[in-house]
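Participant: Two chains, two separate frames, one set of hints: put the complex together.
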Amino acid sequence: MSDAALTSPAFLALSGISKRYAGVRALEGVDFACERGKIHAVLGENGAGKSTLIKIIAGVVQPDAGTMRLGGSEVSFATPSAANAAGVVCIFQELSLMPDLSVADNISIASPPRRFGLIDARAQRRRAEELLAEIGCEDVNPLMRVRDLPLSRRQVVEIAKALGKKPQLLILDEATSALTSADVEKVYAMLARLKAEGVAILYISHRMHEVEALADRASVFRNGRHIETFDKGRRSTADIVQLMIGRDIAAQYPPKPSRGSPKPMLAVENLSWDKSLDGITLRVGAGEIVGLGGLDGQGQKSLLLALFGVLRGVSGQVTVEGREVRPGSPAAAKSVGIALVPEDRKTEGLMLPMSIADNLVIASLDAISTGPLVDRARENEAIKRAIARLQIKIGAPGDAVSTLSGGNQQKVVLAKWLMTDPRIILLNDPTRGIDVGTKQELYRLMRELADQGAAILFYSTDYDELIGCCDRVAIMYDGRIVRELEGDDLNETNIIASALNIDAAAPGTPGAAHA
Amino acid sequence: MLDDVAIRIRQNIGIVTAVLLFSILYLLYNLAHPKGFSSAVLVQNGDEIFALAMLAMAQTVPVLASGLDLSVGAVMTMVGCFASYLLTGAVDGTPLHLDIFGLQLGLGTFPGGISGILLGIVVCLATGALAGFINGCIVVYGRIQPIIATLATGAVYIGIALFLRPTPGGKIDEDLNWAMTNSLGDFAATVHIFDDGAASWFAPVAWIPVPFVLLVLIALLVWVPFRRSVLGRAVYAVGSAEGAAYMSGLPIDRAKIAAFTLAGFFAGCGGLFLAIQTSSGNADIPQAGAYTLNSIASVVIGGTSLLGGTGSAIGSIFGAMVLRVISFFFRIFDIAPLLQPLFEGLILLAAVSIGALGVLRVKNTLELFR
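Chains A and B are the protein sequences, given in the same order. Note that the working numbering gives residue 464 to position 464 of the first sequence, counting from 1, and the numbers run on in steps of one. Heads up: take any position in the second sequence, counting from 1, add 1000, and you land on the working numbering.
Bound-form chain B, shown alone (with noise of 0.2 Å):
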């Protein structure tokens, strides 16, 4: 039994540096706050923790597989431009129209109300998981390199939310905004449930924010059995010996396209928070390309091998959370803004080599190259 504890801790050291570190860097960071371990900064720390936490999640399914994606913050930002459209939650709908060339397309009006924010929602989240359906089948299809092509429906996808959104705007009911980026009280008084949220049972868990409720739910009911699936165990299969997944009968083509998929869905899951969180949608293809290089070093200090095979996303939501405290910490400490990346940098760096740390204790170098 304790063997069984021993070889599973093993396996999974990376995961377990990445909670560790985080874990002390963020207790540091409470103290160190004037108002540490209060709701409030809990609640803002939420906020600019999700949407890296979804990409770091989007990233880690394409990693598995031996893949990168270098779509994923394109793929985010399309979906929070399409969000800024359909998220209005005006009561008589929103009139949507296609302009092309000075064409002018009527294309009907886009329900409001509840129902059509939750419609709104479904649609978002489908357009994240198609356009990584689309870049799925590129790669297995097309028989492209998954860094190739998801370099080139990136730029699509920018293209489109640049058609979209040529200059920020868009408008997001405000309700929603201010259920989903506050605490479960605040959520529970904007939809009237439990009371307006007074309810005495609902108290003691009214403090949390909601964005880490969202993120214990989709890790809970996407990621997990996902995990636990005869596709999802074929990503692992198809990242560590790809010919060995084949020959094992396992359906590899269908792996991969569900592995881009599921980045897909993630990464809209994270375009809409974070139309949700500024109101608006915006074409920022820096804040893009900033998303997928954070997205790819969240996988890593998260444990997650980039040759595939062995890793979680679960370690990379801890990696983007290290990530994200780091920044954090800039603005306790009041440091000049113009030298966070210099910083931010050395920390990463830091950050990964405790990671590689384990190398020196090998006793048998031929072992760093397996």
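Bound-form chain A, shown alone (with noise of 0.2 Å):
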């Protein structure tokens, strides 16, 4: 144990800290210490603690017991303007924008700089733009509505925000889990800046690379508790995925079976949208799992939506199994055999306020009903049969789907369309803010739904996954495919050079370009 390394005086200390949820426990007796000037990464499956950790020390929700002390006075925030002004500020996973606001709006909004009692938009559109200037992404303009603003570009906003408010502990829950490659790199040289300046970071992330990168330090929670606290390099990631989830894992991705020539099942031809499709040629074969990758934003997620039927103006031909479809709307993408698991699961994915049960059985409402009326026997018996199968942790199928963490959200997400028994699935970067244990089942499921024939297009931006799920992978570029890579070739050099665009390592290669 590495104890000793935490004897340097702490700027947040949690002692004793219990919280419970309508009797269920969410942290029990935590013991938590951070300092100044460091990067602490708090690491746990979903339902490890980590939010709620999160919450009691941004003021959200109080702690049921325990004493929590900031610089050495004993303080507790009735709510997250407390904790503010005390200079805790958080980044939280559910953005925390006001879409209809304009940019500049939202990162000052909780004290817009004023002139004779009112606010002085001109003051407060130069501070916008210093603050985005200051993490390197002055191309936002801040009198842009954040609702116009790609999910990527509205996290920056959300940073900018919390910059603004001059944190003392900074916070950051899945901070750059839409962040384009280059965006994070920005965020990176930020966090070092400001960890320089003597602040406190909070770090909670599901990227493992990310957190060995950037942490000085890391803690795992699992179930409500707080297992162990180590510094840098002491432990390996093999390691420390261990001590998440409490079990031994043998290998993260599910063996990729070789295969023939596979019988075609999705053809895409010279496929041209808007701006941001130009002329993408794809197949998928039967059994397959292609991946797309390249930076964020070169046109993957328009693809998806185009072969969804959500974009109107599409050129070009898309063939299944042989025959020519033209899907004018998700219901016709759907009527043959499309399925489309989408970017944003809480607003695109599900109906929050409805229950599991309800979420699971939309998509697939005709197969379940004689004539116009629900077949109720057999929509219960699907429900069930759909819970079993991707093993959704759940209290009742009646509770409403926003209680459950969003790993299991996101199964719901996927059983909802296997019920329709797809023959192409879509898949939008579906791994996005989920814990580690629910990530390799959503893998070996993945692979589960191929090998019983279904063709796979999996949008990530996680080079590691793609290189480990995909049996090939597409880089796109400028609304084009760049380059097709499998076998050998399907390593993250590769990836990141055709990312760029650029013609670095030879076939074969690996590691020419990490120069």
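A hint or two may mislead.
[As the list claims (entries may be wrong)] Heads up, simulated DSSO-like pairs for lysine-lysine below, C-alpha to C-alpha not over 27 Å straight-line:
#1 166/A with 186/A
#2 275/A with 1035/B
#3 38/A with 186/A
#4 1363/B with 334/A
#5 384/A with 346/A
#6 166/A with 195/A
#7 38/A with 346/A
#8 346/A with 1363/B
#9 166/A with 38/A
If you're looking for bench data, these hints aren't it; they were derived computationally from the structure. Quick caveat: nothing in here was measured; it's all calculated off a predicted structure.
Facilitator: Here it is in structure tokens:
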């Protein structure tokens, strides 16, 4: 153990913190401390208690027991604004932006610059520009409405907003999950600067390589308890993963079967749309998992939406099992056997206030109905089967789907589509913000579906995942597919080089581009 | 720079559409009117527009915070009934008494003369704001949906109005009526300023109708500062994403109460003007209902989203004017009154559809649901 390393004075110190929700333990007797000028990673599966820990520190919920000390004196925050006032600022996983307000409005929302008692729009705009420049994202126009920005830019705004509050303790909860890799670099640089200025930073992420790159120290939580805190380099990735899930895991990714030439399932010919798709030609065979890679915003999401009938004015040809299709709506896409797990599960994937059961059957009501009436017996049977198949952890099927953890919510989205027996499954970054254990279940499930004959097109921002899961990866750049990688060519070096559309290492010489 | 302008126009396309629509309709109306482009027509139109424009502003604020206020018409009516007692302008004041279950309660004498009128105006506007404040408190502390809360309080306010004026009646000071519902020149002549309005420098503006001046003043002195205040910003934030507003440490309860209070104030302004204009108080239930529904229509035509978060009271003023100009056309084209609702409905549908045309240009259909 590395407890000796914890002797320097803590900036934030929790002792004996416990919290229960409706009798369910979320945190139990947690002792935890972090220091100024250190980036401290908090690791754990979903449901481990990380979110509750952060919410307590940020004043969103109050602990049932225990004390919290900040800078030596005991504190308790009744509201998020009380925490902000004490210098504790949190960037939550659920974005806290107001979509109808401008970027500048959002950044200064809590304490806008004022003149004669009224908000000074010009000063506010300058402030937004300064803060965005500090992160290196000057390309965001402060006048734009947040609604009109892509998810990755919204997260940048969220970070600028937090920065504007002059944090002493900055908490990032999956704050980089939607960022492009270029922006992630900028955020790292900013964190390094804050660290040098003596800010204490708590960093929550499910991306192990991020944690390895950034954190000076890490704490692992499991089942509401603090398991271990250790300094950088004291534990291997395998050790950490094992601490997090509390059981041994053999391999992260399921093995890829070797196949001859798969039966063609989905064929895309010269597909173009607006400015973001430019003559895409791609084939996905039955039983294949094909990845979509590249930097964020190179048209990968548009491609999935175009195939799912969401976009208007798409040109080109799409054939499913040799028959040309032209889906004009998601309903039409569904009827030819296409399913999409969308980018944002909270708004596009689920109806949050509705029950788990309702969400599961919503896409396949036809299959369980007799005439216009839903057959209750068949509905319940189908729900039971779906929950068992994906091992979704739920209280009761009648509970609102919003009560589930992120990973289990994503399972519901996937289960909903599996109930339609799709031939083609489109996945838009399905593991974003999901814990390691659930991720592995999803990988296994994808492979299982492919083995049963489905064609899977899988967009991910995580290169590791693409390499581990996919039979083949198509790299997109500026609306085109610039390269398809498979076999030994499918490695990080090639992915990064192709994503930047540069001629890098020759095939088979991994590592050459790392210099 | 050009980018910024483009962004601003795109973000305010609803308001721009309403202004253009009004300009075209009003130009056509004046061209078709035998006495078009005259101060007399303008004055008459101003009087007819003012109350609805105020109610449209009133409705805008709760809608921005994503809550409908179904009591604006009732507040207007109630304030009008108060005004019919307080603005008589009688020299020796007005004796007030309460008549409950045969019990006579003297309430003393409300002052008369010019100071009495000014005091009466303040009391009326305060009554409107108080009614709105009560709405806000019920919504925030009672945790009741705005639409239901204001449906109930609206009935209460109409009840108070009926209690005050079981039959139409009362009397408003004649000079006040004359001064407020005519041109600036008439106003000056009535209150004896600027050489009774004959001052030479005053002549270029003497033709402007008083209601328009009031409308601009209220917009500039009440709405614009509110919109630029922290509380006003919080109203937009609440309507846009209440959870995010809370997490940003905004005073969301105060913002909602402020939204309803301001709605009550604007509705009170409308009621006060309507009483002055008609010189009486009238607890007219159908009229209250019609004003409430028209206020919602005005808000929508003016480019404010019923989902909250985007729009402006200025847009709603133009929305109200569009709605009123439509009915002006009935007069000059002599269309049978029985056909009026039918045409009004069709034109309203067409006007709202213009705002929806943008939908056809959307290339990513997913954006339609955001």
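Participant: Determine for every hint whether it applies to the structure shown.
Facilitator: Hints, verified against the model:
no.	hint	verdict
1	166/A with 186/A	holds, 18 Å
2	275/A with 1035/B	violated, 54 Å
3	38/A with 186/A	holds, 18 Å
4	1363/B with 334/A	holds, 20 Å
5	384/A with 346/A	holds, 23 Å
6	166/A with 195/A	holds, 13 Å
7	38/A with 346/A	violated, 33 Å
8	346/A with 1363/B	holds, 22 Å
9	166/A with 38/A	holds, 17 Å
When held up to the earlier numbered hints, the structure conflicts with 2 and 7 and fits the remainder.
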